[in-house]
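Trainee: Take a look at the letters that make up each chain.
There are 2 protein chains.
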Amino acid sequence: METYKVIEIKESVFADNNREADRIRASLKREKTFLLNLMSSPGSGKTTTLLRTIEALKGELRMGVMEADIDSDVDAAAVANAGVRSIQLHTGGMCHLDAGMTEQGLKELGTADLDLVVLENVGNLVCPAEFDTGAVKNAMILSVPEGHDKPLKYPLIFTVCDVLLINKIDVLPYFDFDLEKVREYAHMRNPRLKIFPVSARTGEGVDAWTDWLKAQVRDWT
Amino acid sequence: METYKVIEIKESVFADNNREADRIRASLKREKTFLLNLMSSPGSGKTTTLLRTIEALKGELRMGVMEADIDSDVDAAAVANAGVRSIQLHTGGMCHLDAGMTEQGLKELGTADLDLVVLENVGNLVCPAEFDTGAVKNAMILSVPEGHDKPLKYPLIFTVCDVLLINKIDVLPYFDFDLEKVREYAHMRNPRLKIFPVSARTGEGVDAWTDWLKAQVRDWT
Numbered sequence: 001m002e003t004y005k006v007i008e009i010k011e012s013v014f015a016d017n018n019r020e021a022d023r024i025r026a027s028l029k030r031e032k033t034f035l036l037n038l039m040s041s042p043g044s045g046k047t048t049t050l051l052r053t054i055e056a057l058k059g060e061l062r063m064g065v066m067e068a069d070i071d072s073d074v075d076a077a078a079v080a081n082a083g084v085r086s087i088q089l090h091t092g093g094m095c096h097l098d099a100g101m102t103e104q105g106l107k108e109l110g111t112a113d114l115d116l117v118v119l120e121n122v123g124n125l126v127c128p129a130e131f132d133t134g135a136v137k138n139a140m141i142l143s144v145p146e147g148h149d150k151p152l153k154y155p156l157i158f159t160v161c162d163v164l165l166i167n168k169i170d171v172l173p174y175f176d177f178d179l180e181k182v183r184e185y186a187h188m189r190n191p192r193l194k195i196f197p198v199s200a201r202t203g204e205g206v207d208a209w210t211d212w213l214k215a216q217v218r219d220w221t
Numbered sequence: 222m223e224t225y226k227v228i229e230i231k232e233s234v235f236a237d238n239n240r241e242a243d244r245i246r247a248s249l250k251r252e253k254t255f256l257l258n259l260m261s262s263p264g265s266g267k268t269t270t271l272l273r274t275i276e277a278l279k280g281e282l283r284m285g286v287m288e289a290d291i292d293s294d295v296d297a298a299a300v301a302n303a304g305v306r307s308i309q310l311h312t313g314g315m316c317h318l319d320a321g322m323t324e325q326g327l328k329e330l331g332t333a334d335l336d337l338v339v340l341e342n343v344g345n346l347v348c349p350a351e352f353d354t355g356a357v358k359n360a361m362i363l364s365v366p367e368g369h370d371k372p373l374k375y376p377l378i379f380t381v382c383d384v385l386l387i388n389k390i391d392v393l394p395y396f397d398f399d400l401e402k403v404r405e406y407a408h409m410r411n412p413r414l415k416i417f418p419v420s421a422r423t424g425e426g427v428d429a430w431t432d433w434l435k436a437q438v439r440d441w442t
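Chains as they are written, first to last, in my numbering: chain A, 1 to 221; chain B, 222 to 442.
Derived from the structure by calculation, the hints contain no laboratory data.
Take these hints with a grain of salt, some might be off.
Unchecked claim - Ranges between beta-carbon positions, derived for each pair:
1) B:Leu400 / A:Thr159: 30 to 40 Å
2) B:Asp292 / A:Val13: 16 to 26 Å
3) A:Arg192 / B:Asp292: 15 to 25 Å
4) B:Val295 / A:Arg19: 31 to 41 Å
5) B:Ala299 / A:Thr159: 18 to 28 Å
6) A:Asn81 / B:Leu393: 22 to 32 Å
7) B:Lys253 / A:Val74: 40 to 50 Å
8) A:Asp22 / B:Asp334: 46 to 56 Å
What the hints assert, rightly or not - Dumping the calculated SDA-like pairs for lysine to any residue here, alpha-carbon to alpha-carbon at most 25 Å:
9) B:Lys358 / A:Gly93
10) A:Lys153 / B:Arg422
11) A:Lys153 / B:Ala297
12) A:Lys153 / B:Leu377
13) B:Lys374 / A:Leu109
14) B:Lys374 / A:Ala78
15) A:Lys153 / B:Ile308
16) A:Lys153 / B:Met322
17) A:Lys181 / B:His311
Each residue gets a CB set at the ideal place from its N, CA and C atoms; glycine is no exception.
Take these sequences, add in the hints, and give me the full structure.
Mentor: So, in structure tokens, the structure goes:
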């Protein structure tokens, strides 16, 4: 009985959230700003990948970054050092961002003069996948040490993402990770998922990913 | 206004959950069964660590395992192969287990003839930390590839855990991971946290961990 009650509340939260996310996208379209929602487990390399992406694109696109974290400003400081406007969103224990929190962040950051805003979501494969943030595209990172079975265990996030970065391919020799299997499992969840193997540490494969992202931004703006 | 409403519901959920968790612990105490709640990010090596733990303890303790997963039976099958009674709990999208779900699992597994039950929680550093499952002790795994900054970013889970396993120490040479820093950060969150560096793959350090666990079970039963 209690469980049923919680589910009803959750459904109304989702409906409100989806409407708000659609409003955010419409407003971003008018402003010609592209919002990317970047999700992964803790420690998959979201911030390092973001720093590589900034390095590749900041000469061509006007970028901004929103760093969501439960606590700490480590990531926002790193991004600010890379010369990109950034803000830190503290979720205060919340396990994901919803559209309302994203909208507050966008207002705080100021997006009128930006082509591309990246939202680095809370490190979590479960809850962030359930909430549309208003992003134009959803990206996720799965790193080699996490294992190739993750699409079997965390199906929703692979379904809602447009693009998957397989990060830390520089350590492939030290792990039992099968790149072909992860492609197969991920495409079972989402046949249209774009997949880029990269190493944010060495830079390998990063060009293919940033070229794809640039094309998406051009299409939108 | 909406946010406030959600928080109130959450608080009442927590209060109910805590009462239920206390009831579970009292019942486990009467039955002389120890329940360990094992938490970590996706891909930190919960199942591999559990298999090593089973290997070390199954001659001395009567063990059972509850595998919580959003979807898939991969882990329960692996544990069953190791010769231990196990059940798979499908959370149907839920990001954590609460006391009610744990109680259902314990009933299904049957605990009267068991000394030690391990609950492998959903791979997530955020939500599982918020819900007391009724476990006697909480354990978490942080693996080397995830980085030593995790206690700064995911504070609650380090606070609620009794023991931290630093897993995958066999790949320390390939990552910028500082074992001293992680100890310092983790103890900032929780000065009483026991820390065991291990490699579930090679078996290194596993004895110290299983000795500690055995002593906890003896204290309780």
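Trainee: All the hints need checking, so say for each whether the structure fits it.
Mentor: Status of the hints after comparison with the structure:
Distance hint check for Leu400 (chain B) and Thr159 (chain A): the Cβ-Cβ separation is about 37 Å, which falls inside the suggested range of 30 to 40 Å. Distance hint for Asp292 (chain B) and Val13 (chain A): a CB-CB separation of about 22 Å, consistent with the stated range 16 to 26 Å. A beta carbon spacing of about 20 Å between Arg192 (chain A) and Asp292 (chain B) agrees with the range 15 to 25 Å that was offered as a hint. Here the CB-CB span from Val295 (chain B) to Arg19 (chain A) is close to 37 Å, well matched to the stated 31 to 41 Å.
A hinted range of 18 to 28 Å holds for the C-beta pair Ala299 (chain B) and Thr159 (chain A), which are about 25 Å apart. Distance hint check: the CB atoms of Asn81 (chain A) and Leu393 (chain B) are about 27 Å apart, consistent with the given range 22 to 32 Å. Between Lys253 (chain B) and Val74 (chain A), the C-beta spacing of about 45 Å keeps the proposed range 40 to 50 Å intact. Between Asp22 (chain A) and Asp334 (chain B) the CB atoms are about 55 Å apart, so this pair conforms to the stated range of 46 to 56 Å.
Proposed proximity of Lys358 (chain B) and Gly93 (chain A) is supported: the alpha carbons are some 22 Å apart, at most 25 Å. Only pairs whose Cα atoms come within 25 Å are accepted, and Lys153 (chain A) paired with Arg422 (chain B) is accepted, the gap being roughly 21 Å. Straight-line distance between C-alpha atoms of Lys153 (chain A) and Ala297 (chain B) comes to about 12 Å, which keeps the hinted pair within the 25 Å bound. Proposed proximity of Lys153 (chain A) and Leu377 (chain B) is supported: the alpha carbons are some 24 Å apart, at most 25 Å.
This hinted pair checks out: Lys374 (chain B) and Leu109 (chain A) have alpha carbons roughly 22 Å apart, not beyond 25 Å. Distance restraint check for Lys374 (chain B) and Ala78 (chain A): the Cα-Cα separation of roughly 14 Å lies within the 25 Å cut-off, and the hinted pair is therefore satisfied. Only pairs whose Cα atoms come within 25 Å are accepted, and Lys153 (chain A) paired with Ile308 (chain B) is accepted, the gap being roughly 16 Å. At roughly 19 Å between alpha-carbon atoms, Lys153 (chain A) and Met322 (chain B) fall within 25 Å of each other, so this suggested pair holds.
With a C-alpha separation of about 23 Å, the suggested pairing of Lys181 (chain A) with His311 (chain B) holds against the 25 Å cut-off.
In the structure shown, no violation is registered for any of the earlier numbered hints.
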